[in-house]
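Undergrad: This is what each chain is made of:
There are 2 protein chains.
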Amino acid sequence: MSTVQEPTPRWSTLASKPSSSVIRDLLKLPAGVISFAGGLPSPEGFPLDEIAKACQTVIAKEGKHALQYSMVEGEIALRREIARRETQKGIPTEFEQVQIVSGSQQALDLIARIFIDKGDKVLVESPTYMGALQAFDLCEPEYVSLPCDTEGLNPAAFTEEVCRGAKFAYVMPTASNPTGLTISEERRKLLCEKAREYDMLLVEDDPYGELWYDQQPPASLRQWAPERVIRLGTLSKILAPGFRLGYVIAPADVLDKIAQMKQAMDLHTATFTQLISAQVFSEDLLVHHLPSVRERYKTHAKAMLDALEEFMPEGVTWTHPTAGMFIWVTLPEKMDATEMARDALAHKVAYVPGEAFYAGSAVEKNHFRLSFVTVDPERIREGVKNLAEVIRLRI
Amino acid sequence: MSTVQEPTPRWSTLASKPSSSVIRDLLKLPAGVISFAGGLPSPEGFPLDEIAKACQTVIAKEGKHALQYSMVEGEIALRREIARRETQKGIPTEFEQVQIVSGSQQALDLIARIFIDKGDKVLVESPTYMGALQAFDLCEPEYVSLPCDTEGLNPAAFTEEVCRGAKFAYVMPTASNPTGLTISEERRKLLCEKAREYDMLLVEDDPYGELWYDQQPPASLRQWAPERVIRLGTLSKILAPGFRLGYVIAPADVLDKIAQMKQAMDLHTATFTQLISAQVFSEDLLVHHLPSVRERYKTHAKAMLDALEEFMPEGVTWTHPTAGMFIWVTLPEKMDATEMARDALAHKVAYVPGEAFYAGSAVEKNHFRLSFVTVDPERIREGVKNLAEVIRLRI
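Line by line, the protein sequences give chains A and B.
Residues 1 to 395, numbered by UniProt numbering, are exactly what the first sequence covers, in order.
Residues 1 to 395, numbered by UniProt numbering, are exactly what the second sequence covers, in order.
Hints are supplied without guarantee of correctness; some may be wrong.
Each pair may be met inside one copy or between any two copies, as identical chains are not told apart.
[Said to hold, decoys possible] In silico EDC-like cross-links for lysine to aspartate or glutamate, where the CA-CA straight-line distance does not exceed 20 angstroms:
#, residue 1, residue 2
1, Lys-189, Glu-227
2, Lys-189, Glu-6
3, Lys-17, Asp-117
4, Lys-365, Glu-310
5, Lys-17, Asp-120
6, Lys-61, Glu-50
Hints were generated in silico from the structure; no laboratory data involved.
Isolated chain A, as found in the complex:
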């Protein structure tokens, strides 16, 4: 018998690109490390009992429906509940305006595929969410990075020249990943005015809007320019990431294109988890649950802010989030947080180096992202103390 020959590799151009694995490798954490590197919500905050109850109801009431194929747009029951929640927050929304997706990440991929041709201009915050860059990268846009200040994205960056011909601006106005910053109502309004003035679309990613500590954040950008805003939401942070459920609220023509594209990509999102989620919402099972999640996140954020205040050497600054899961730390300019990550690991503490959050060549290396939600307050203090020592040795 002749030897079997291995097939000749024949990847697409897209799949032939080397993947940047620096960050991924860093995130393979040895045991005993205090990890501030995660982006996971706290499992302590999952409404397990509510979901168990909803499971039973759905199987008993509409089991066959829940297990069958569904429509590409999503289950009407869930779309209605999401529309109802949006309406309650002050922006009247019909279920027809809602498309269910398999997590926000899929929304990013869908948006990339319906808008971006190779070389197209896309505006992103600097820094911006790395998952969005990963999704957009598949369609090879040219990024224009918009500088952020201590209050987050500044609409002053949206000049006519910057906006001209851009496919869209991707923004996270509330509790930004990675900075944790929330932009003001005034900035939101101005951003929408600029979008209208320069005929630009806004992709508003809002995964953390429900995770506020003391005060509800300003309204969605849809408040000021509904015809230009493609709003992304997710159930991952208020219900369960393991359901992989997100949604898009957008003008009708955008939703048409998304549905057409999604049909070819995965037919539709799982019926079963959609109906369970709709059941949880319809019984207002989260009414008592969400406040406790908010309280937990607030406590953890405060623990980390206190520890930073207590331990960090002079020259180091950080953001003060009022919602969400992250704090963004800035080292003196000459320092390199990617390189320092190995030292940090040796001191049993992990973070995500900031460079992952910059588009194209706009990279800054003297930042890192801390997540505080899955670590207990005492461990947060210990981890920040270790981290401060690592920095002190290098500063």
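Put chain B on the given structure of chain A with help from the hints.
TA: Just chain B, lined up with the frame of chain A:
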């Protein structure tokens, strides 16, 4: 206040293409129609009790894990169960060789994106599964259509010229959608030999392999060329389509590219439904369930074959499936099944016109696909009788 201006549309090239809506429009069925147009499995065959039980177990045993983010490759518990099932069918498989996807449709999209650049050669059966064409179309390949005979795909079509430079051949060797035909062990072997001879990859789509009537179909193509076969499977036909769970079994380098691509597309497939499915499999809850599904499909297939025999006029032929959900009907060459579909609807019966299943310009119009699984045997007889009348009027 000035009037709000609508945004200027700025779709990608991909999203700008008109979608062929002939078929979609035809499938919007009025009430009272006997539909043989569906591709849905029978909900009577869903193991509702088994799934309800598995839900409770998973929530009680590992609820927090089931609701949390997971790995892009999929939950190990489910990958193990799938590997075990493959191994039981005679092809030793490790869980590392299994990637979980959000339904087989996503596998098709993933494969397109990792292999196909615009204009690349892709081989498909003629006719082939329309969902595959929809997914591949997004990457704009050039199709080469391989003719099928009454025994399905004939490996004689794989000449050196046809295979040279092709990214892969997409085949459905068992209970093909749309023809219902299963190719023999001899043809499978020959196909794999050709693949080795001409250095070609084979994408083996096997959604219906468990739905055999009397005899288990021949082995997966992996039996004869494991290093060249990318095998796609799904839980949609044996467990629940509403879970949207499929899998890919492939060589390591292909799995690496898939995982990298999937990460950017939707992070991972839902944890919750993966663990429920793993639980159903691990308790062998399907052992008693699958035979009853097979029996149901066999009964329905026989009812339709009997009715075709009884009512169809001379000049009409059809396939005799031994597994799966479909029968492929061929009209005399001059007839147009797409055009005839409206008449059929007027006679309260629906089918899928064959033209949807052809790639590029290889279209043949004198075929249609019948599905028998969601219609009761008496209604099958009535529907086929109506359909025969429509044909008789035109033949």
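Undergrad: Taking the hints in turn, state whether each one holds.
TA: Each hint, compared with the structure:
1. Lys-189 / Glu-227: The answer is within: 14 angstroms in one copy meets 20 angstroms, while 57 angstroms across copies does not.
2. Lys-189 / Glu-6: between (59 angstroms within a copy, 18 angstroms between copies)
3. Lys-17 / Asp-117: Answer is both; intra-copy 17 angstroms and inter-copy 13 angstroms each pass.
4. Lys-365 / Glu-310: neither (24 angstroms within a copy, 76 angstroms between copies)
5. Lys-17 / Asp-120: both (19 angstroms within a copy, 18 angstroms between copies)
6. Lys-61 / Glu-50: both (16 angstroms within a copy, 16 angstroms between copies)
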